[in-house]
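Undergrad: Each chain is listed here by its residues.
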Amino acid sequence: MTTFDYFQIILFFTALTALTPLLGNFMYKVFTGQKHFMLPVFGWLEKLTYGASGIDPRKETDWRSYTFNLLIFNLSGLVFLFLIQVFQGYLPLNPANLPNVSWHSAFNTAVSFMTNTNWQGYAGETTLSYFVQMIGLTVQNFVSAATGLAVILALIRGLSNKSSEKLGNFWVDLTRSTLYVLLPLSILLSVTLVGQGVVQNFKSYDTVQTLEGQEQILPMGPAASQIAIKQLGTNGGGFFNTNSAHPFENPTPFSNFLEMLAILLIPSAFTFTYGKMVGSVRQGWTIFSAMLILLLTGLSISLYAEYSANPLFGNLPLMEGKETRFGITNSVLWATSTSAASNGSVNAMHDSLSPLAGMVAMINIMLGEIIFGGVGAGLYGMIIFVIITVFIAGLMVGRTPEYLGKKIQAFEVQMAMIAILLPNLVILVFSAIASVSSAGLSGLNNYGPHGLSEILYAYSSAAGNNGSAFAGLNANTVFYNLTLGIGMLIGRFGVIIPVLAIAGSLGNKNVTPDSTGTFRTDNWLFIGLLISVILIVGGLTHFPALSLGPIVEHILMNQHSTF
Amino acid sequence: MKTLITSIRILLFFTVLTGVVYPLLVTVIVQLAFKDKANGSLIIKDNKVIGSELIGQQFDSTIYFSSRPSAISYNPLPSGASNYGPTNLKLINAFNERKTDFIRVNRLNSRSEIPSEMLLASASGLDPHISPKAAFLQVNRIAIARHFNSIQRSMLNETIEKLTEKPQFLIFGEERINVLNLNIVLDKLSFSDHSKY
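Sequences listed follow chains A and B, in order.
The opening residue of the first sequence carries number 1 in my numbering; numbering runs sequentially from there.
The opening residue of the second sequence carries number 1 in my numbering; numbering runs sequentially from there.
Incorrect hints may appear among the rest.
Keeping only pairs whose Cα atoms sit at most 30 Å apart, straight-line, the calculated BS3-like set for lysine-lysine is [said to hold, decoys possible]:
hint : chain 1 : residue 1 : chain 2 : residue 2
1    : B       : Lys99     : B       : Lys162
2    : B       : Lys48     : A       : Lys203
3    : A       : Lys59     : B       : Lys2
4    : A       : Lys47     : B       : Lys2
5    : B       : Lys188    : B       : Lys45
Read the hints as simulated data drawn from the structure, not as lab findings.
These numbers come from a predicted model, not from an experiment.
Make a model of the complete structure from these sequences and hints.
TA: Here it is in structure tokens:
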């Protein structure tokens with residue numbers, strides 16, 4: 001690594017940290033109904049949304065109705081997206097004449113985009129029409145991210161309410177997230193990206209004669225508008241097959257910087273919003289710090305692994321699956337960010353990363369997508385770990401655990417454990433099935449320990465709603481489309497429902513005022529405890545599987561073993 | 001039932017707003033502001049589109065600079081990578097084979113250090129760039145194949161230096177050179193129809 005590499009990394013994290021309070025404060029104003037500068041621009045659209053949908057924005061609901069509205073809304077999106085795929089051939093805006101999508105692939109993709117996972121078993125440029133990409137995928141990119149924000153907003157209200165069961169209005173949270181946060185940022189980012197060379201048009205695919213006289217067909221389409229929201233909404237589903245490694249999706253190092261920043265921007269800024277909303281900015285920065293420490297730790301290990309010599313390749317930099325314009329540093333920085341943030345877009349192929357760098361990406365996902373994590377989802381996942389940490393600390397000092405003045409009791413801890421265990425159950429059980437069944441093994445592109453890593457990564461990605469892949473695995477089969485689809489549903493709603501139940505239960509409780517005996521949750525001691533709990537839970541759950549995959553591969557690689 | 005109707009209504013509203021209005025609005029803005037880029041940064045030569053500046057092309061002939069290896073032979077439908085892991089025997093064999101070939105074709109010393117992007121396939125399969133070092137290593141072979149005199153040879157070296165892109169704004173990314181642009185200039189440098197080679 002050169003000084004220049006370090007400089008780029010420092011610049012990236014400086015920009016992220018500087019934008020956190022700026023955007024965080026704006027979102028605070030949006031979600032607490034205060035005046036903000038987007039109101040004159042899109043305020044009329046908010047009223048129009050309520051009018052067109054028959055919503056009374058003043059009506060607040062308890063956690064059960066809030067959850068019910070959320071589930072029905074997501075179910076409608078799922079069914080709609082499934083239908084337009086299986087009937088794609090009859091629908092307009094299909095200049096490449098792509099046929100109807102198979103039912104199992106359509107199911108997988110519909111679940112994938114509705115759950116903010118954006119796992120892709122298909123190749124965009126040869127599978128989906130412009131119609132499906134826009135009307136189906138772009139829309140779910142927005143509303144799945146907005147759904148994540150709605151859940152964290154309900155949880156915050158539960159934490160700050162004084163004995164009230166009202167958690168807000170799901171439709172209002174959904175609308176404000178989309179109109180004031182996601183839409184303006186997406187317009188800004190997509191226009192800037194086109195300025196760098198990302199395509200945005202409705203042309204049919206261009207056939208060109210190359211300099212050597214061969215024929216090359218260049219895919220086109222409204223890519224930039226989808227890429228902007230797939231980065232900002234921690235979605236990650238590429239317009240083209242190779243995602244942000246494709247020069248039409250990510251043409252320059254500067255577009256790369258912006259797209260990478262967009263991955264972490266909203267999850268990071270929301271920690272500040274959180275602090276403001278619960279009445280203590282310090283609480284927000286505490287969580288931000290814990291997330292940043294975990295991210296930087298993973299990044300250091302990945303960089304070390306990628307810059308260490310691989311004896312099998314004459315100690316040269318491992319450029320397989322990486323683009324020249326990004327080089328090693330920007331590929332590793334992206335891989336770490338996208339796996340931490342539940343985004344899942346890639347600018348380098350994770351399958352070809354060195355074993356330890358691939359493992360860091362996998363661990364980031366396995367820990368529950370809480371290192372910044374998905375839009376909204378990362379923070380509510382982190383609060384789950386906060387609840388467990390407060391509970392353990394309470395056991396140690398022998399006091400009833402409290403968080404932000406709310407008593408943490410048996411019900412909250414039970415729900416938190418469900419939210420932690422369900423995704424992990426998906427990863428381990430499905431990986432085990434795939435590893436011993438011919439349907440699972442027939443998809444492998446690599447053998448030896450790396451083959452296990454491909455399977456393990458796939459189910460981690462599904463359960464964590466990440467969407468990135470060790471993409472050699474051929475997952476566009478009935479077996480993988482169905483199991484991964486089910487995994488994504490459990491990974492999403494197996495966390496959302498317990499979180500909303502916690503929100504409902506906490507909202508009903510009174511706030512106990514701080515006393516000298518209160519265990520503080522806004523200092524370095526707490527950050528240390530929180531990180532320990534996260535690593536112990538994640539480590540104990542996944543170390544055995546990881547040791548058979550990437551860890552043993554790393555050791556064998558250094559002994560010149562190949563498969 | 002009421003929830004379902006509300007869901008469908010708001011979903012339709014957002015479908016129109018974020019699925020139709022938003023992409024169209026962005027398209028209108030960028031077709032006015034960055035028309036060429038929005039349409040794929042196409043390169044036109046003699047009134048014919050010969051490619052996109054952003055999408056790499058396959059160069060097999062010895063009279064052109066070679067691009068990086070590609071898992072899809074630069075056929076963009078669909079883009080793709082090998083996805084071979086770091087202990088995959090197929091990858092190691094391909095690596096060694098490409099190394100031998102590169103040394104042989106470019107008449108290099110068998111112990112020359114070759115930039116690894118010339119031996120390993122890119123992520124998109126469409127990487128338009130190589131490092132300047134990888135370009136310089138090919139100059140000798142191309143000069144021989146095109147019967148360049150010493151003036152043309154030094155002009156070719158200058159061209160590589162001139163076309164080398166520094167990190168963007170001096171901060172972002174890596175130093176690189178666009179192979180298609182380089183080969184277009186190379187054709188001009190030959191002062192003659194290259195079909196005779």
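Undergrad: Which hint numbers does the structure go against, in order from smallest to largest?
TA: none
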